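Colleague: With chain A held as given, fit chain B onto it using these hints.
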Amino acid sequence: MLTNNLYNLCGLLLFGMGLFALFACSHLLRKILAVNIMSSGVFLVLIATAYRPLGAGEIDPVPHAMVLTGIVVSVSVTALALILACRVQETSNHSLSQSERNTNDGDSEE
Amino acid sequence: MTIFNSSAWIVAPIIIPLIGGLLCFLWRRDTFFIALFISLANLLSVTTLLRQFLLFGPLRYRMGGWEAPLGIALRLHGPALLMLLMTAVSGIGITLYARGYFSFRISALKHNNRHEQQERFFWPLWLMLWTALNALFLSGDIFNLYVTLELVSVSAAALAALSGKPASQIAAFRYLLVSLLGSLSYLLGVVFVYKTYGILDLEMLRQIATPGPGLQMALTLMTLGLLLKTALFPLHFWLPPAHANALAPVSAILSGLVVKGSFFILFTLWFEIFASSITANALDLIGLLGAGAVIWGSLQAIRQQRLKLLVTYSTVAQLGYLFIAFPLTATENISQEVWTAVTFMVMAHSFAKTAMFMAAGTIFLQVGHDRIRDLAGIRKSLPITSFAYAIAGVNLIGLPPSGGFIGKWLLLTAALTSGQWHWSLVIIAGSLLASVYVFRVVSRLFLTPDEAIIQECRPHSPLQEWPALFLAIIALLLGLIAPYFSLILETTEIVANLAPGGGL
Chain A
1 MLTNNLYNLC GLLLFGMGLF ALFACSHLLR KILAVNIMSS GVFLVLIATA YRPLGAGEID
61 PVPHAMVLTG IVVSVSVTAL ALILACRVQE TSNHSLSQSE RNTNDGDSEE
Chain B
1 MTIFNSSAWI VAPIIIPLIG GLLCFLWRRD TFFIALFISL ANLLSVTTLL RQFLLFGPLR
61 YRMGGWEAPL GIALRLHGPA LLMLLMTAVS GIGITLYARG YFSFRISALK HNNRHEQQER
121 FFWPLWLMLW TALNALFLSG DIFNLYVTLE LVSVSAAALA ALSGKPASQI AAFRYLLVSL
181 LGSLSYLLGV VFVYKTYGIL DLEMLRQIAT PGPGLQMALT LMTLGLLLKT ALFPLHFWLP
241 PAHANALAPV SAILSGLVVK GSFFILFTLW FEIFASSITA NALDLIGLLG AGAVIWGSLQ
301 AIRQQRLKLL VTYSTVAQLG YLFIAFPLTA TENISQEVWT AVTFMVMAHS FAKTAMFMAA
361 GTIFLQVGHD RIRDLAGIRK SLPITSFAYA IAGVNLIGLP PSGGFIGKWL LLTAALTSGQ
421 WHWSLVIIAG SLLASVYVFR VVSRLFLTPD EAIIQECRPH SPLQEWPALF LAIIALLLGL
481 IAPYFSLILE TTEIVANLAP GGGL
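Line order of the protein sequences matches chains A and B. The first sequence begins at 1 in our numbering and counts up by one. The second sequence begins at 1 in our numbering and counts up by one.
Keep in mind that the hints were calculated from the coordinates and are not lab data. Keep in mind the model is a prediction, meaning the values are calculated, not measured. By construction, the Cβ of each residue, glycine as well, lies at the ideal position given by its N, Cα and C atoms.
No farther apart than 20 Å at their CA atoms in a straight line, the calculated lysine to aspartate or glutamate pairs in the EDC-like style are these:
hint	chain 1	residue 1	chain 2	residue 2
1	B	K165	B	E116
2	B	K195	A	E58
3	B	K195	A	D60
4	B	K165	A	E90
These stretches of chain A come out as covered by chain B in the derived footprint (C-beta under 8 Å, 3 or more residues):
hint	segment
5	22-31
6	45-52
7	65-79
8	82-89
Bound conformation, chain A alone (with noise of 0.2 Å):
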C-alpha cells in the first residue's frame, strides 16, 4: 500500500511541475516538455490504480489499456506541438523565446 502511494504522490508531483514550467517558462520546447511530464504524471498515477495487493488476485488491465491509448495520444500530439513550434520559429523570424509577446490581441495571459 506504501509503494501504490508513493507512486500515486509521485504522479500528482510530476503533474504539478509540469503544470508550473507550462506557465512559468516562455521557451516553446520548454512548454512542450512541460506538458509532457504532466502527462507522464496522470499515466503514473493510472498505473497505480492497476495494484492490487498481494494474492488478491490478478492485477487490473483496464488501467494498462487506458495508458497505452493516452500514450499514443501524447506521441501525436507532441508531434503536432513540435510541427507548429518550428513554423512559429521560421515564420515569425522570432527566437522562440520571444514569441510568446508576438500575439496581436489585447489581452494576453501575461
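Modeller: What follows is chain B alone, placed relative to chain A:
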C-alpha cells in the same frame, strides 16, 4: 425497411466522415465532391438515428459485442441527437462555403499555390474534426470522451494554423497547449473517478455515483479542464487570437462547433451523470463566471475595431449564457426547461455564429480588410452577405422568432420562477449590449453615406454568399419548431427494444 432498424447505424456518423477524411487525404482531386457526398451521407445517417430515436427511445451500442470495461460503448440520448443534427446541418453549410471561399482565393492571381495547398489540407482536417465531434457526442464512457476531446483539439489546432500567417501560427500553438492542458486535467479527473468507482461507463456511473472526496476532486479537475476548453471567462484568453486569425471557414468551425463539444461533456457530467454530487455553491460560482463572460465579452466586442475580432468576442459573451443556466437548474421542477433552454442557445448560437463568420470572411475577401469604420455601404455590393449578417445578429440579440429568443425566454422564465431574478438582469443586459455590437456593424453595412465610393465586387460563386444566409435563416426559424425539440429532449426512457444489429 429493416436496414434502417439496424442498431449498427449509430456507428455511421463516426465511420462516414472518417472514410471521407482518409479519401480526401489520399485522393487530392475533387476533394470538394467527396466532402459534399460525405456531408450528405452523414445527414442521412443522422436522420436515420433520429427516426430510430423517435421509435425506440435512447439507444446503446457495444462495438464488436465487447462488454464494458474493455469494449467501446456508444450511446445516443436526446441532447446528443440534437448536437449531431446541429453538426450535420452546420457541416453542410461550412462545406459549401469553404468551396466558394477557397475557389475565390485560388482564382486570385496572388499566391494561388499557397491557397491550393491550404484547400488540399483543409478537407481532410475538416472531415477528421467532424469525425471526432460526432464520436464525442456519441461516446458512452468517460475515457473515450478524453480520446475524442484530444482528437478534436489536434484537428482544430491544425486547422487554426492553416492560414500560415505568423500570428495564426502562434495562436494555433497556444491553442494546442491550452487544449492539451484542459484534456490532461480532464484525464486526471477520469483517473480519480476510476480510482473511486472502478468503472468508466457513463450509465453505470450515474447509478452508483455518490458524493465523496474522490468524486469532488475528480469533478473539480474535469470541470477546470473543460471550462478552459470551452473558454469560459476568465479562461477565454486563448480564444480571440486563435479564432480571429484563422481562415474564415475555420473560424466558423471553431466558434460554431468545437467549443460546443467540451461544453456538451461538461453539461452531461454536471446534470446527468454526477447530478447528485453538485453543490449549490458550485452552481452559483459557474453562473457568476458566466455572467462575467456575458458582460466582459460584450463590452470587448463593442470596443473592437475589426469585424472578425468583434464576432470572436461575441462568442465569448454568448458562451456565458450557457453557464448562466447552471444555477437555474438548482430548483427541482424546472430543470427540464433549463435543459431545453441550453440546447436552444447552443444550436442557435452555432448556426448564427457560423453564418456570421462566413459573412465576415466574404466581406474580408471582397473588400480586402475588415475595419468596421470603413465598411459603409457594403450592402450595395454584397446584399446577401449583409442580410445574412443582420439575421445572424438578430439571433445573437435574441429577437423573436429566433432560436436565441426561445433560449433566452426559457432562461428568463426559469430565473423568475426559481426566485433567482438577479440572473435575469444579466440576461437582459447582455441582450442590450449584444444589440449595440450587432447594430454597430449592421448600420455601417446598410447605410450608405453620400460621399462613399462603392466598390465593385469581384465575380464570385454563389457558394460564397448563400450558405451563410441559409444557416442564418435556419437559426431564425429554429424558434418555430421548438416543440419538436422539447419532445426529443423529454424522451429519456427506452420506448421499445431495437432489433439486434446485423453486425458491421
